[in-house]
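A.B. asks: Here are the chains, one letter per residue:
There are 2 protein chains.
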Amino acid sequence: MAYELFYWPTIQGRGEFVRLALEEAGAGYVDVARERGGMDRLMKLLKEGAHPSFAPPFLKAGALTIGQTANILLFLGQHHGLAPLDEANGLWTHQLQLTIADLVAEVHDSHHPVSTSRYYEDQKPEAKRRAASFVKERIPKYLGYFERVLGKREWLVGERLTYADLSLFQVVEGLRYAFPRAMGTMAKDYPGLANLRDRVAARPRIAAYLESPRRLPFSEEGIFRHYPELDRS
Amino acid sequence: MAYELFYWPTIQGRGEFVRLALEEAGAGYVDVARERGGMDRLMKLLKEGAHPSFAPPFLKAGALTIGQTANILLFLGQHHGLAPLDEANGLWTHQLQLTIADLVAEVHDSHHPVSTSRYYEDQKPEAKRRAASFVKERIPKYLGYFERVLGKREWLVGERLTYADLSLFQVVEGLRYAFPRAMGTMAKDYPGLANLRDRVAARPRIAAYLESPRRLPFSEEGIFRHYPELDRS
Chain A
1 MAYELFYWPT IQGRGEFVRL ALEEAGAGYV DVARERGGMD RLMKLLKEGA
51 HPSFAPPFLK AGALTIGQTA NILLFLGQHH GLAPLDEANG LWTHQLQLTI
101 ADLVAEVHDS HHPVSTSRYY EDQKPEAKRR AASFVKERIP KYLGYFERVL
151 GKREWLVGER LTYADLSLFQ VVEGLRYAFP RAMGTMAKDY PGLANLRDRV
201 AARPRIAAYL ESPRRLPFSE EGIFRHYPEL DRS
Chain B
1 MAYELFYWPT IQGRGEFVRL ALEEAGAGYV DVARERGGMD RLMKLLKEGA
51 HPSFAPPFLK AGALTIGQTA NILLFLGQHH GLAPLDEANG LWTHQLQLTI
101 ADLVAEVHDS HHPVSTSRYY EDQKPEAKRR AASFVKERIP KYLGYFERVL
151 GKREWLVGER LTYADLSLFQ VVEGLRYAFP RAMGTMAKDY PGLANLRDRV
201 AARPRIAAYL ESPRRLPFSE EGIFRHYPEL DRS
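These protein sequence lines map, in sequence, to chains A and B. The first sequence maps to residues 1 to 233 in UniProt numbering. The second sequence maps to residues 1 to 233 in UniProt numbering.
Wrong hints could be hidden among the right ones.
Copies of the same chain look alike in the list, so a pair counts if it fits in one copy or across any two.
Said to hold, decoys possible - Capping the alpha-carbon separation at 30 Å, the derived lysine-lysine pairs in DSS-like fashion look like this:
| # | residue 1 | residue 2 |
| --- | --- | --- |
| 1 | K128 | K60 |
| 2 | K136 | K124 |
| 3 | K124 | K152 |
| 4 | K60 | K44 |
| 5 | K152 | K60 |
| 6 | K60 | K124 |
| 7 | K136 | K47 |
These aren't lab readings, by the way, just hints derived from the structure by calculation.
Work out the full structure: start from the sequences and follow the hints.
C.D. replies: Right, here's the structure in full:
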């Protein structure tokens, strides 16, 4: 049974965290909205069914429809060996993912601090203030936390890669794209995270995915946007 | 075994979602930071242990230390009958909780759109723009979604109360406190949610909790803050 992923067809966005897990798992999936007519199905499913989502991404898995990125990963982690099956470590993996989700929301708000429904250009002064605080205080706080959690371990949770590692890879990639100056000394500041990023990128299925047309590029339509005026000066 | 809840001692904040679940479950717990010396333990545990949290709340449950509000509720839901045990409905309950968490983060940013580390007074112009958009667009979008999900059912997920219902109660209470003018027509606009709020408040353990000194008041230190200039004019 192939999964059906429903997400905006032109951006990485939050859907990318799900795509990375599906790719690493070698799970068959259709990225529905990227196919002809798929957007109609996405919009239709947002309005109906027993378990409608507030927003994409959502995943159809047989009879199940699962929304919220971290919740989809909770499901995929249990079914595809991307998270430990014991309660303590399963919860720990999910806790890390939810902290990554908080960081992702803050990345988004760094360029949209006033309203999601308005253009960046309409909230540029506010974005400059927010991004300055994000770059100076929040990036070091989050990345410092994950660096400490990683410590000397191979992966965040232990000896096996989990969906949280895949998501952290995506966050590091995204922050480097959006804030190249602020992240310029990353390898020195967060050597563990820089190394983890490289090891995720080198995994055969992830490496193949990143080179395929399935991997959309970062852009100024997504969560991680490169506006030089918001980066560290 | 009594649980130990670690959260800031003077506000409801995100800890309140955990308190409500513990109270409804009739679970024994100590609200550690509200006791003498408890803040020292909270700060110490944030820095050490196998599974440190990025921020409070976190819960000690025997040998487990669990962070992230929605993750704590996932755990309590499974152990105290506050969520269905089958996969489909367990995931659905969690999905609703994560959507509530997104709303809660937006409530916080309505008065802190620039930086968490600065005072409200230092970001008042930005807060006015953000709150205007929050009140006009986001509250109706979120509450409309939950009203549709609830439909004619007794509780969000079905015939039994879940932690998502308790959290939605808290959100409705908080929004009414923070935005009394915008929420003035709530009973007409969202009759199902108004009714759900009343039925949660009337549950014996919740009613006893709300009248006890354990229930902290809403205040301008928490997530839901009443600044008249941010409410609908």
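A.B. asks: Against each hint, give a clear statement of whether it holds in the structure.
C.D. replies: How the hints compare with the structure:
no., hint, result
1, K128 - K60, "neither (39 Å within a copy, 39 Å between copies)"
2, K136 - K124, "both (18 Å within a copy, 21 Å between copies)"
3, K124 - K152, "neither (40 Å within a copy, 43 Å between copies)"
4, K60 - K44, "within (13 Å within a copy, 42 Å between copies)"
5, K152 - K60, "between (37 Å within a copy, 25 Å between copies)"
6, K60 - K124, "neither (37 Å within a copy, 43 Å between copies)"
7, K136 - K47, "between (40 Å within a copy, 21 Å between copies)"
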